[in-house]
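Throw the hints in and build the complete structure from the sequences for me.
These protein sequence lines are chains A and B, in that order.
Counted from 1, the first sequence has number 208 at position 208 by the working numbering; the numbering is strictly sequential.
Counted from 1, the second sequence has number 351 at position 351 by the working numbering; the numbering is strictly sequential.
Treat the hints loosely; a few may be bogus.
Repeated chains share a single entry, so a pair holds when one copy, or any two copies, can fit it.
In the DSSO-like style, the derived pairs of lysine-lysine whose C-alpha atoms are separated by at most 30 Å in a straight line are [unchecked claim]: (1) K316 <-> K26; (2) K316 <-> K23; (3) K318 <-> K26; (4) K187 <-> K107.
Hints in this document: simulated from the structure, not taken from any laboratory.
The structure displayed is predicted, hence computed values, not measured ones.
Number of protein chains: 2
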Amino acid sequence: MSVKFAVLGHGVVGSGVVELFYKNRKSIEKRAGTEMDIKYILDLRDFPDSPYQDKFTKDFNDIVNDDEVTSVAECMGGVEPAFTFVKACLEKGKSVSTSNKELVAEKGDILLRTAKEHNCNFFFEASVGGAIPIIRPLHKCLAANDISKVAGILNGTTNFILTKMYNDGMSFPEALALAQDLGYAEKDPTADIEGHDACRKICIISSLVFGRHVYPKDVYTKGISHIELCDVAAADVLGHAIKLIASVRKTDGGKILPAVMPMLVPYESIMSGVSDVFNAVLVFGDGIDQAMFYGRGAGKLPTASAVMGDVIEAVKHKVTVFSQSWESADDNSFVDSIDNLTARWYFRLPLGSEAPEGSYEHENGISFITEDELSFRAASEKAEKLGAKAFMPVFE
Amino acid sequence: MSVKFAVLGHGVVGSGVVELFYKNRKSIEKRAGTEMDIKYILDLRDFPDSPYQDKFTKDFNDIVNDDEVTSVAECMGGVEPAFTFVKACLEKGKSVSTSNKELVAEKGDILLRTAKEHNCNFFFEASVGGAIPIIRPLHKCLAANDISKVAGILNGTTNFILTKMYNDGMSFPEALALAQDLGYAEKDPTADIEGHDACRKICIISSLVFGRHVYPKDVYTKGISHIELCDVAAADVLGHAIKLIASVRKTDGGKILPAVMPMLVPYESIMSGVSDVFNAVLVFGDGIDQAMFYGRGAGKLPTASAVMGDVIEAVKHKVTVFSQSWESADDNSFVDSIDNLTARWYFRLPLGSEAPEGSYEHENGISFITEDELSFRAASEKAEKLGAKAFMPVFE
Chain A
1 MSVKFAVLGH GVVGSGVVEL FYKNRKSIEK RAGTEMDIKY ILDLRDFPDS PYQDKFTKDF
61 NDIVNDDEVT SVAECMGGVE PAFTFVKACL EKGKSVSTSN KELVAEKGDI LLRTAKEHNC
121 NFFFEASVGG AIPIIRPLHK CLAANDISKV AGILNGTTNF ILTKMYNDGM SFPEALALAQ
181 DLGYAEKDPT ADIEGHDACR KICIISSLVF GRHVYPKDVY TKGISHIELC DVAAADVLGH
241 AIKLIASVRK TDGGKILPAV MPMLVPYESI MSGVSDVFNA VLVFGDGIDQ AMFYGRGAGK
301 LPTASAVMGD VIEAVKHKVT VFSQSWESAD DNSFVDSIDN LTARWYFRLP LGSEAPEGSY
361 EHENGISFIT EDELSFRAAS EKAEKLGAKA FMPVFE
Chain B
1 MSVKFAVLGH GVVGSGVVEL FYKNRKSIEK RAGTEMDIKY ILDLRDFPDS PYQDKFTKDF
61 NDIVNDDEVT SVAECMGGVE PAFTFVKACL EKGKSVSTSN KELVAEKGDI LLRTAKEHNC
121 NFFFEASVGG AIPIIRPLHK CLAANDISKV AGILNGTTNF ILTKMYNDGM SFPEALALAQ
181 DLGYAEKDPT ADIEGHDACR KICIISSLVF GRHVYPKDVY TKGISHIELC DVAAADVLGH
241 AIKLIASVRK TDGGKILPAV MPMLVPYESI MSGVSDVFNA VLVFGDGIDQ AMFYGRGAGK
301 LPTASAVMGD VIEAVKHKVT VFSQSWESAD DNSFVDSIDN LTARWYFRLP LGSEAPEGSY
361 EHENGISFIT EDELSFRAAS EKAEKLGAKA FMPVFE
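The following block contains the structure:
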């Protein structure tokens, strides 16, 4: 018997899923243990040049009402109509695999519960880190660990911009313009450069690892649009690379502290070597110490590869994978205040300020890293008192 | 109902499994979806100070004949008696999770077939890369990819030695002695420094990715004991770090080419930043482009974490996972000759030799990297003709 699946959306990722499936169909079927085919591709647009003309539909009802379709790849993006479509599929017992981080970050708990109630699966490996296997390793391979912290470079656009500033001495606006020319950044780059995209991804990781839904609105998020070239250069002299880090850690009283902010990553850390559009996720656990997952965080085939891997898993698993799941959160009381984040800090003071030992004086100011850890609140107060032009935490 | 499992061997890894299980028992049981306990620990030695006195046995028959034991963690090491014990467990339908790379590299095909015949599982995540999730991501998350190449730093001892030579200017014998002092290298360090350990691991990866059993005896293996400090320093000047790389790639005619040898890794590659005892595996596929997995490749709790993750999977999977499997090989005809390995090459010629453009002249000779790719055979002939003191391929 042949398993039939549908692809919702024929944009970059959706068309990649179709392409990758037909390219590697033989080995995919071998791994799934069954013959497979795409029965429908949902998109409101016409694709007159596609070799898969007969599969296109503009009516979602064709898919949801077809009992032969047992698995669905959702690659539309955005919360609606994706949420309505995915929920309807799950309610019919069709497993769904998605690349849609907004959907998972906003509605993951509801969709996971719906999948459970209808004995199917809601998979989302592609929603974090694109091609990088991270969701499945986190809940399967590292299952024996008490995970204390996860930190990652989860947005390729900002990492490309920071790399260009670092390697080629470009200013932020120059590097952003280049990223837009190359198709790495959207015309409206807000979601990337202000950290919202990375925020959604750390919400998904936080929910999965710590078991309760974390909403983007509850996570402190700062982007990179304020980063100046002189800080990138000063960080280098002080032995660090500036990276946009999305992280979550356990804090006191059973709380967790997720945050997105630019940080100084020491050159001794493997994370400092993650450049260009690449992403990486570093996981800390009591058994493993630390493990890192690295690869392409976006792009047509890399993301399609993760979606297709989930579709294969969905075909193989006839029952719900309970462990890849989390509870709803009635409130945000388990999300700790950013004031309690502690770190060593980088400061840039105006020229003429009193320079602590180990400072680096340059034409735009005096840069240094504190010896001691300070809370976010204490660092903010210190920055104000000293008239700091920039301050950022150091990644440990 | 509580699931009972047994731990074979109470050395470094086996005692780590016991420690980690009781430390994180609650969350492990939650992830497994059932209560669990260790019923037996097999070891010929006495452990009078262990809090788990009542679980120790010296008789394997206690375990294999106890129908209540449905899962087994094998942490003894070596081919025998591990092979006999594991096979007997699988024949009784008990799933086995192992950290024993010798066992998997020599007998994997037989044990995977036995598991299949008796509807249970033979898992081996811990046999490659210690704590690093690599086996499961390779066959699950990357299932939609046509994988063309896998390359890794798979031995922590040699990576520690090379890091000490690089960072601290130690000679090979000095760095080896330090590794032995710190417990990173055995008294007889042959298996590590001559590449045999890395070879077993690349055999396991090759078998899993390409579907046929690859034996260590058929893999070209060169270690690091001949590496001189002047080559480490010259490689640095030329923009590379020397690493012991175990790799396998597809070659022409449906063959594969596994090999273990020191290589020059360019600083632009994330692999060059993998230092100390850390391991990393880089995977190249048509969907993902490249992905890297990084972490501790050895050690008590890291390895135990991978074994315990497998035990949890074994408890959850009531049926054989067919895709994590490979066929036996009647011959080695699909293993390509090392003569066909192509790369750019590093050469060190005696002082006074004719120096190509871009050469680096130092007190121990003239070092350079070829512009063009050469086969292993051509490079060997060139090395002999020029009287080269050292030559190594460059990692791409």
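A quick look at each hint next to the structure:
no., hint, in the structure
1, K316 <-> K26, "both (16 Å within a copy, 28 Å between copies)"
2, K316 <-> K23, "within (20 Å within a copy, 33 Å between copies)"
3, K318 <-> K26, "both (21 Å within a copy, 27 Å between copies)"
4, K187 <-> K107, "within (27 Å within a copy, 56 Å between copies)"
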